[in-house]
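Undergrad: For reference, the chains in residue letters:
There are 2 protein chains.
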Amino acid sequence: MAKISLGVKPAIFPSPVLLIGTYNDDGSVDVMTVAWAGMAASDLTEVYILENHRTTENIRKRKAFTLAIATVETMAQSDYFGIVSGAKDPQKFEKSGFHAVKSEYVDAPVIEEYPLTIECELEEETSAPEEARILGKIKNVLVDEKMLGDNGKMDVSKLHAIVWDNFQAGYYAVGEKVGQSFVEGKKISSLNKLADWSEDADKKEDTSSACSSACGAATLEEEKKEAPSACGSACGAAN
Amino acid sequence: MAKISLGVKPAIFPSPVLLIGTYNDDGSVDVMTVAWAGMAASDLTEVYILENHRTTENIRKRKAFTLAIATVETMAQSDYFGIVSGAKDPQKFEKSGFHAVKSEYVDAPVIEEYPLTIECELEEETSAPEEARILGKIKNVLVDEKMLGDNGKMDVSKLHAIVWDNFQAGYYAVGEKVGQSFVEGKKISSLNKLADWSEDADKKEDTSSACSSACGAATLEEEKKEAPSACGSACGAAN
Ligand SMILES: Cc1cc2nc3c(=O)[nH]c(=O)nc-3n(C[C@H](O)[C@H](O)[C@H](O)COP(=O)(O)O)c2cc1C
Ligand SMILES: Cc1cc2nc3c(=O)[nH]c(=O)nc-3n(C[C@H](O)[C@H](O)[C@H](O)COP(=O)(O)O)c2cc1C
Chain E
1 MAKISLGVKP AIFPSPVLLI GTYNDDGSVD VMTVAWAGMA ASDLTEVYIL ENHRTTENIR
61 KRKAFTLAIA TVETMAQSDY FGIVSGAKDP QKFEKSGFHA VKSEYVDAPV IEEYPLTIEC
121 ELEEETSAPE EARILGKIKN VLVDEKMLGD NGKMDVSKLH AIVWDNFQAG YYAVGEKVGQ
181 SFVEGKKISS LNKLADWSED ADKKEDTSSA CSSACGAATL EEEKKEAPSA CGSACGAAN
Chain Z
1 MAKISLGVKP AIFPSPVLLI GTYNDDGSVD VMTVAWAGMA ASDLTEVYIL ENHRTTENIR
61 KRKAFTLAIA TVETMAQSDY FGIVSGAKDP QKFEKSGFHA VKSEYVDAPV IEEYPLTIEC
121 ELEEETSAPE EARILGKIKN VLVDEKMLGD NGKMDVSKLH AIVWDNFQAG YYAVGEKVGQ
181 SFVEGKKISS LNKLADWSED ADKKEDTSSA CSSACGAATL EEEKKEAPSA CGSACGAAN
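Top to bottom, those sequences are chains E and Z.
Numbering-wise (full-length UniProt numbering), the first sequence opens with residue 1 and increments by one.
Numbering-wise (full-length UniProt numbering), the second sequence opens with residue 1 and increments by one.
It is possible that some hints are incorrect.
Straight line, CA to CA, 25 Å or less: simulated DMTMM-like cross-link-like pairs of lysine to aspartate or glutamate [claimed, not checked]:
#1 Z:K9 - E:D107
#2 Z:K186 - E:E113
#3 Z:K3 - E:D107
#4 Z:K3 - E:D43
#5 Z:K3 - E:E113
#6 E:K158 - Z:E73
#7 E:K177 - Z:E176
#8 E:K3 - Z:E104
#9 E:K9 - Z:E125
#10 Z:K9 - E:E104
#11 Z:K187 - E:E73
#12 Z:K9 - E:D155
#13 E:K158 - Z:E176
#14 Z:K186 - E:D89
#15 Z:K3 - E:E112
#16 E:K177 - Z:D155
#17 Z:K158 - Z:E176
#18 E:K3 - Z:E113
#19 E:K177 - Z:D107
#20 E:K9 - Z:D107
#21 E:K9 - Z:D43
#22 E:K3 - Z:E176
#23 E:K9 - E:D43
With the Cβ distance kept under 8 Å, some of the chain E side facing chain Z (calculated, not the full set) [said to hold, decoys possible]:
#24 G7
#25 D43
#26 L44
#27 V72
#28 A100
#29 L116
#30 L122
#31 K139
#32 V141
#33 L142
#34 V143
#35 V163
#36 W164
#37 N166
#38 A169
#39 G185
Source of the hints: derived by calculation from the structure; they are not laboratory data.
For glycine and all other residues, C-beta sits at the position ideal for the given N, C-alpha and C.
Given the sequences, and given the hints that come with them, work out the whole structure.
TA: Shown next as structure tokens:
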């Protein structure tokens with residue numbers, strides 16, 4: 001396969017599409033779209049935002065914000081929140097037609113129309129080369145009841161989340177579940193007839209999701225505490 | 001809609017699924033899966049990785065790594081790279097059946113089977129509460145020729161990227177393009193008959209993608225330099 005060099009580009013795909021909810025000085029609501037964002041620890045969110053956004057000012061003042069996940073159903077509004085600035089149009093939020101209530105956990109609004117909202121307190125602000133790097137301490141996660149699966153856990157396939165691409169600035173829908181982590185990889189090792197970890201795991205099928213949540217998220221200590229022993233080496237933690 | 005509190009959870013959705021490629025001491029290849037990762041600036045990637053991974057050691061020694069994007073076609077191997085540690089199995093990479101060549105830009109391997117690879121030099125390591133925070137300076141982006149669209153730009157819908165969820169540790173395929181940023185939001189403002197920026201933009205349809213790339217990625221200075229004047233306020237930068 002011929003490979004082509006594209007030079008220096010922001011090329012991670014995809015970026016999530018999140019909405020930051022904050023309060024303005026007068027208690028009215030502002031919402032802005034952010035794509036450069038992610039998890040920084042099990043209870044820490046991270047967003048990179050330009051100095052001059054109204055949102056940045058609001059976060060500094062109230063020390064709190066919410067993060068909602070953009071969906072196919074809310075795409076037009078979610079994009080609109082990324083075009084208009086609350087600094088220019090004081091009625092930005094009102095004009096979206098969406099509704100907000102105060103978070104019970106932090107001094108920031110929960111936008112009712114989004115099915116999943118993360119309620120954060122400002123943990124730390126540092127400066128990144130281009131933007132402010134904001135870390136939020138998660139105080140609670142609020143979801144629409146109908147987003148839960150039969151097992152009582154959040155079922156993200158019900159969200160209809162959209163993601164963003166840094167090359168052509170398009171929105172894409174996240175589709176169906178295609179696999180389970182810490183399960184798919186076993187095919188490789190059995191194909192290649194190797195590794196005792198996979199034989200162990202075969203005997204204990206149910207451990208896979210406990211393994212992966214212990215792994216993807218955890219500190220070494222938590223990993224050891226939370227992970228069933230069958231996945232002791234699954235995260236490479238015991239190695 | 002009744003909302004349910006889930007407590008404190010890593011709830012951003014989705015996380016990307018990336019593969020970090022590094023060289024071991026003996027010049028053999030290691031690859032590991034990472035989901036807590038994203039863009040930190042136009043030319044900076046960021047990954048959060050546990051201290052005890054072989055990959056973390058390799059990055060410190062060679063000051064370089066590559067990041068490839070996991071796809072539906074490479075799901076089994078991409079998961080496998082996240083289960084087995086190179087510290088435990090020196091033949092980890094070989095057993096995947098994948099192939100590597102040396103990057104022309106950095107001291108790290110490019111895995112041939114992945115359609116998009118970001119070649120990075122170690123820019124900075126800082127410590128996060130749970131993991132090491134690694135910033136990579138992008139030196140080049142390498143893509144399979146057939147991933148380019150008719151306009152010569154990377155067409156991410158050809159990638160078949162997969163993403164990961166922090167709640168149930170599943171993999172999900174990213175589907176079709178459903179919209180264009182800085183275009184969808186106009187529906188709201190025209191519905192509500194407002195804002196001169198949207199009337200301006202209507203007259204100059206072609207500016208939308210230039211607007212959005214200037215906005216999502218850029219510093220204020222770059223934004224002003226790169227953005228056509230019709231989208232001066234699109235990023236909230238001019239406000
Ligand atoms: C898809 C999309 C992604 C965006 N991502 C970011 C981002 O990561 N960081 C940022 O500072 N601005 C980003 N923006 C731009 C802001 O959302 C926009 O400038 C907004 O008008 C700021 O609103 P405010 O001034 O009311 O806070 C994005 C916009 C869109 C449409
Ligand atoms: C879907 C998935 C996501 C993962 N995300 C991370 C991550 O964000 N950070 C991390 O330190 N480990 C993560 N891991 C675990 C490592 O990939 C795994 O421990 C690997 O075996 C380390 O390999 P190494 O020791 O050869 O470097 C993830 C694994 C999977 C399957």
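Undergrad: For each hint, tell me whether it holds in the structure or not.
TA: A quick look at each hint next to the structure:
no.	hint	result
1	Z:K9 - E:D107	holds (19 Å)
2	Z:K186 - E:E113	holds (19 Å)
3	Z:K3 - E:D107	holds (18 Å)
4	Z:K3 - E:D43	holds (20 Å)
5	Z:K3 - E:E113	holds (11 Å)
6	E:K158 - Z:E73	holds (24 Å)
7	E:K177 - Z:E176	holds (15 Å)
8	E:K3 - Z:E104	holds (12 Å)
9	E:K9 - Z:E125	holds (21 Å)
10	Z:K9 - E:E104	holds (16 Å)
11	Z:K187 - E:E73	holds (13 Å)
12	Z:K9 - E:D155	holds (14 Å)
13	E:K158 - Z:E176	holds (17 Å)
14	Z:K186 - E:D89	holds (15 Å)
15	Z:K3 - E:E112	holds (9 Å)
16	E:K177 - Z:D155	holds (22 Å)
17	Z:K158 - Z:E176	holds (9 Å)
18	E:K3 - Z:E113	holds (11 Å)
19	E:K177 - Z:D107	violated (35 Å)
20	E:K9 - Z:D107	holds (19 Å)
21	E:K9 - Z:D43	holds (6 Å)
22	E:K3 - Z:E176	holds (24 Å)
23	E:K9 - E:D43	violated (30 Å)
24	G7	holds (6 Å)
25	D43	holds (5 Å)
26	L44	holds (7 Å)
27	V72	holds (6 Å)
28	A100	violated (13 Å)
29	L116	holds (7 Å)
30	L122	violated (15 Å)
31	K139	holds (7 Å)
32	V141	holds (4 Å)
33	L142	holds (5 Å)
34	V143	holds (6 Å)
35	V163	holds (6 Å)
36	W164	holds (7 Å)
37	N166	holds (6 Å)
38	A169	holds (3 Å)
39	G185	holds (3 Å)
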